[in-house]
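Student: Read top to bottom, the protein sequences are chains A and B. For the first sequence, this note's numbering gives the first residue as 1, with consecutive numbering after it. For the second sequence, this note's numbering gives the first residue as 113, with consecutive numbering after it.
Think of the hints as simulated: they come from the structure by calculation, not from any bench. Heads up, some of the hints might be wrong.
[As the list claims (entries may be wrong)] Derived lysine to aspartate or glutamate pairs resembling EDC-like cross-links, with alpha carbons at most 20 Å apart:
1) 125(B) / 196(B)
2) 104(A) / 196(B)
3) 104(A) / 197(B)
4) 71(A) / 49(A)
5) 125(B) / 197(B)
6) 94(A) / 17(A)
7) 104(A) / 49(A)
8) 94(A) / 196(B)
9) 68(A) / 84(A)
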Amino acid sequence: GENVGLHLPTLSVQEGDNSIINCAYSNSASDYFIWYKQESGKGPQFIIDIRSNMDKRQGQRVTVLLNKTVKHLSLQIAATQPGDSAVYFCAENKGSQGNLIFGKGTKLSVKP
Amino acid sequence: ETGVTQSPTHLIKTRGQQVTLRCSSQSGHNTVSWYQQALGQGPQFIFQYYREEENGRGNFPPRFSGLQFPNYSSELNVNALELDDSALYLCASSRASGVRSGANVLTFGAGSRLTVL
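With the rest of the complex left out, here is chain B (with noise of 0.2 Å):
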């Protein structure tokens, strides 16, 4: 069974670029979230992704973006870059039964290290 992965693992942007990061999903599961992490804080919801349709969205612009895929696997897409977005992203994948996929174990992933300069 493998894990959630997650690609790049590290990468440096300068404010108003744009990026693209990837992650695949934990076999079986079929949700995929998105958490972004500042440093020394916990997780902050960015959105979920079930049936390839944004199934709920925390409190971020909307230059944060995302797709999710046939296979799962699913993009975090973040447009006109500023410094404050510099932080580590998780993608988190589950199984759920339900477009309402609360309760249910998160898988994360190692990450993706953000710096925007």
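With the rest of the complex left out, here is chain A (with noise of 0.2 Å):
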């Protein structure tokens, strides 16, 4: 499959650590968020979503939290496993419009 984690910033973790990958959005007026993963050869996959109401929302080893004062959205994955080697992607959206935009990405790599 296509590797789509070329040239991207990579962040390497031991296999049972807790990940936390970064993302930094543009434009203030996006109310909100969603952060895909990517795996070789497959297109985007959803992992969670929040509101630009909201600072922090959980799911299953996964946590997003939103600080709109810096613009900083961060992807917690805890207790990471080799399944989560993927490039993991930030995408904001602003009000009515029908278009994600989309970040560069992030390419974690676990180790076992």
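Each of the two chains sits in its own frame; use the hints to bring them together as a complex.
Tutor: Quick look at the structure:
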């Protein structure tokens, strides 16, 4: 499959450790944010989303934090597993617009 | 529940040719968006279709065009191909209740990898 991780920032963690992936978004008017995971040869897969009226949202093993003051988003993955190895993208959406604006992505590598 | 399916998975074209990529949306979804993903980059929005009409467009020239059919499937057409059009083309579907379909979770297909020589 194609390598979607070329020239991307890389985060390498040990299996079982927690991972934190950061993202700076561009538009202060954005009110909806999503994290996607993309494995090699596949399309992006939804992980978790958060609206701008919240600053934290938890899912299964994942937590998203939103800091609107500094336009920063983070994804925390607890007890990282080899299957979590992928490229992670944050995306933002502004109001009624139908499109998502994606960040450049971070490649997560999990060492067994 | 079937997901988003795209065809073809890979194709090679030469400069100046035309290409048509196809997408079947996920069951229950009525909106289709197309994204271009260059190697090592995040997806870039091309356009979105809702009720068979274009409902938002990104910064792509008119030689990128699309269609949506009554069964919500969609096509992306690119004319006069250029080398820089080489990319993974992603189709995503969602369920929108109105023309302004922002803030809906997109379900992506695996993409069509286009190489232009």
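Student: Could you run down the list of hints and mark each one as holding or not?
Tutor: Results for each hint:
Taking the CA atoms of residue 125(B) and residue 196(B), the gap is about 12 Å. The hint holds against a cut of 20 Å. Our distance criterion of 20 Å between C-alpha atoms is met by residue 104(A) and residue 196(B), whose separation comes to about 18 Å. Simply put, residue 104(A) and residue 197(B) have alpha-carbon atoms about 18 Å apart, close enough for the 20 Å limit, and the pair holds. This hinted pair checks out: residue 71(A) and residue 49(A) have alpha carbons roughly 15 Å apart, not beyond 20 Å.
As the CA atoms of residue 125(B) and residue 197(B) are separated by approximately 10 Å, the hinted pair is consistent with the 20 Å bound. At roughly 34 Å between alpha-carbon atoms, residue 94(A) and residue 17(A) are farther apart than 20 Å, so this suggested pair is violated. For the hint pairing residue 104(A) with residue 49(A), the CA-to-CA distance comes to about 18 Å; that is within 20 Å, so the pair holds. For the hint pairing residue 94(A) with residue 196(B), the CA-to-CA distance comes to about 28 Å; that exceeds 20 Å, so the pair is violated.
Taking the CA atoms of residue 68(A) and residue 84(A), the gap is near 27 Å; set against the 20 Å cutoff, the hint is violated.
Of the hints listed earlier, those the structure fails to meet are numbers 6, 8, 9, in rising order.
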